[in-house]
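Peer 1: Spelled out, the chains give:
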Amino acid sequence: MVLHVNGEKRELSNDIQTISDLLNHYKLTDKKIIVELNANIVDPSQHIETLIQDGDRVELVHFVGGG
Amino acid sequence: MEGGHRMWERYSRQILFDGIGEEGQRKLQNKHVLIVGAGALGTGNAEVLTRSGVGRITIVDRDYVEISNLQRQQLYTERDAIDRIPKAIAAQKRLREINPNVEVNGKIIDVTVEEIDQLVSDVDLMIDATDNFDIRFLINDTAQKHRIPWIYGGCVSSYGLSFTIIPGETPCLSCLLETIPLGGATCDTVGVISPTVQMVVAYQTVEAMKILVEDFESVRRKLVSFDLWNNEQSTLDVSRLKKEGCPSCGESPVYPYLSYENQTKTAVLCGRNTVQIRPPKKIDRDLHALVKQLEKQGGTIEQNPFLVTYHYVDRRVVFFKDGRVLIHGMKDIVEAKKIYHQLLG
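These protein sequence lines are chains Z and C, in that order. Mapping to my numbering: the first sequence position 52 is 565, numbers consecutive. Mapping to my numbering: the second sequence position 147 is 189, numbers consecutive.
Chain C on its own, in the form it takes in the complex (with noise of 0.2 Å):
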């Protein structure tokens, strides 16, 4: 740890700002922060709340850094990309290197209900950049189930918004929406640039520091949403939205999205051209003996301490310790899982 005067020139231009201050930041060094996702947003966020001086931060991923994320994913860099390291390790190591005042987790996982519950347990806020609305509601049941404020952001090409979600207060993500959207543009049929990135990060990060130093009164009640090419922007009060018979946060709520059967065990990653299959049950998988298996399969392996690749005819296919497989090339599922089971039996 830094000594305090250190400490206090690392945040001085912060703290000379009248809405956080001296007490401002000490609030900040002892909030905890979970960051859902790794990539854009999720990059984008970690690096100002740590070089802000939040106490703790957990990110939380499911990938590993490819080529194409390098043009907006800040904290990657060409070697993360060709290692294959997974972004929850790879951002984890380039955060501790910015700030190691900050407590800095990095946790390589899939969030489904049973993983985000143990992430929330001591979390004073949470910050959605995640790239598709299953996950985003999970965690507004789990944000209204466990009152913890959360922020959403989505962008892609030159659009995008944000809207922060306070427990009690405004109208939740089930109550904007009803049922999760389907389809729609991603990043990946319409691309996305980073100014869009950069002004949801700006958006949601403010807002942020707003909530982790209890100045609740500043918070942003509206949507907020632009297109930085076309220039347009907008505010929206969604105040009357907020729906008394909500399942999520009305007066009766059912978390309808924490139960079992509203969860996917296998999905088509965000654009990726790519599927991904969890084993029903979680799993520490042996890549070592996972390696001697696939050799015997014949085709090529590489290998880092947190995947083994396989290259296998014209698929490549992914291994993850905690057991789940990405096979790229393909969007079938049925086809994905015959693979699965061929090479894993």
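The shape of chain Z in the complex, shown without the other chains (with noise of 0.2 Å):
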């Protein structure tokens, strides 16, 4: 499957199938994060049921504290 994450084509594994799997893939799962699927911010309680297809946009955000 391809997506386009952050800009970037990525070329990943078709076992990913929800935001879920995908934030398991960037392990990312433990941080504050804001997820948008096709220009659309996805709630966190929907992350997973939320379905990626092949094509698909998403941009992941995550805040850090260092500075």
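Think of the hints as simulated: they come from the structure by calculation, not from any bench. Every residue, glycine too, gets a C-beta built ideally from N, C-alpha and C. Worth double-checking, as some hints may not be accurate.
Over the 10 Å line for every Cβ pair with chain C, so calculated as not near, a few chain Z residues [said to hold, decoys possible]:
(1) 519
(2) 525
(3) 528
(4) 534
(5) 551
(6) 559
(7) 561
(8) 563
(9) 566
(10) 573
(11) 575
Partner residues aside, some chain Z positions facing chain C, computed with beta carbon under 8 Å [as the list claims (entries may be wrong)]:
(12) 524
(13) 541
(14) 545
(15) 547
(16) 549
(17) 554
(18) 568
(19) 569
(20) 574
(21) 576
(22) 578
(23) 579
(24) 580
Got two chains here, separate frames each, mind docking them using the hints?
Peer 2: Written as structure tokens, this is what we have:
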């Protein structure tokens, strides 16, 4: 499956079916994160059930403390 | 003060820039910016704003310069690290050298509710250059209460992000995060490279300029993030996340982070393997008397006008004039408190 993640084309395993799977893949599950799927922000409570498909545009922004 | 002609010459390239012009330059000169933190983001922001001719800059920090800061904290020198000069003092000195027309004030303080309320009394903008979310939520509530814009910035490794928060318009940090994030990567666990810092500084300072010249229309309303090493970037429209019931910026705000119970008295500093202890009340510590007291207990003592460093067995303990104590070489707060009481009674 090909996704556009933060503007870059990424070839990902077809096992990744939901937003939660994608966050797992990027090891972002325990972080404060905002997910946008095809220009719509996805509520965190919907990450488990929101399906992603070939060609989707995903933006993942996590908050970091350093400075 | 420089005369009018030389003054304009100094800022000529910026005045030629459409977005600023002479009117914008005059506005910059009448503004006061508070920079919270004088680490990587703080020194970067402070240098840009000092060179640009902002009227007044107050920069606050609780720590002193260490050798590991020099790779990215652009105002400091090797000498500052060797002498353990407090960052607020070293930054103030360098910024005044860069542009004596700007009124720069460095303050060695650990910002809590009490301090921030005094600091913001006549401030037009706050820049977040801190390294933890406890203080950011404090900045966020203060900004909402006093209706002061602030600019969040964060970075680790090659990843960074920024968001501009304008009270009454944009979502606030509580809207975006709801609660203070715990744990996560820090500069001390996964490192950070200087270009990441510079990129966040660029995003923060350009927003600062827009706000200071009062060009609010040009303010970037989106959350911007990037990973410089992995060639990723993203801008997110987060306006939908503004919450009517937000405890910080909603219809009936309670500013939860300004209440005493939510304050940290003892803190483990961002991955520094250091515990900071604050006395319950602010004190003006007599460093000479302290040195005499410590001499009786053995160990070695070093001193500069701002702090005393005491080497005690395998520990390094640093005492500041404002009463704070940093105990290096540990993350255990209970153990740190024990040492604190052993040394100070």
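Peer 1: Against this structure, judge whether each hint is valid.
Peer 2: Here is how each hint holds up against the structure:
no.: 1; hint: 519; in the structure: violated, 4 Å
no.: 2; hint: 525; in the structure: holds, 14 Å
no.: 3; hint: 528; in the structure: holds, 22 Å
no.: 4; hint: 534; in the structure: holds, 19 Å
no.: 5; hint: 551; in the structure: holds, 13 Å
no.: 6; hint: 559; in the structure: holds, 14 Å
no.: 7; hint: 561; in the structure: holds, 18 Å
no.: 8; hint: 563; in the structure: holds, 16 Å
no.: 9; hint: 566; in the structure: holds, 20 Å
no.: 10; hint: 573; in the structure: violated, 7 Å
no.: 11; hint: 575; in the structure: violated, 8 Å
no.: 12; hint: 524; in the structure: violated, 14 Å
no.: 13; hint: 541; in the structure: violated, 10 Å
no.: 14; hint: 545; in the structure: holds, 4 Å
no.: 15; hint: 547; in the structure: holds, 6 Å
no.: 16; hint: 549; in the structure: holds, 5 Å
no.: 17; hint: 554; in the structure: holds, 6 Å
no.: 18; hint: 568; in the structure: violated, 17 Å
no.: 19; hint: 569; in the structure: violated, 14 Å
no.: 20; hint: 574; in the structure: holds, 5 Å
no.: 21; hint: 576; in the structure: holds, 6 Å
no.: 22; hint: 578; in the structure: holds, 5 Å
no.: 23; hint: 579; in the structure: holds, 4 Å
no.: 24; hint: 580; in the structure: holds, 4 Å
Hints 1, 10, 11, 12, 13, 18, 19, counting from the list given before, are not met by this structure.
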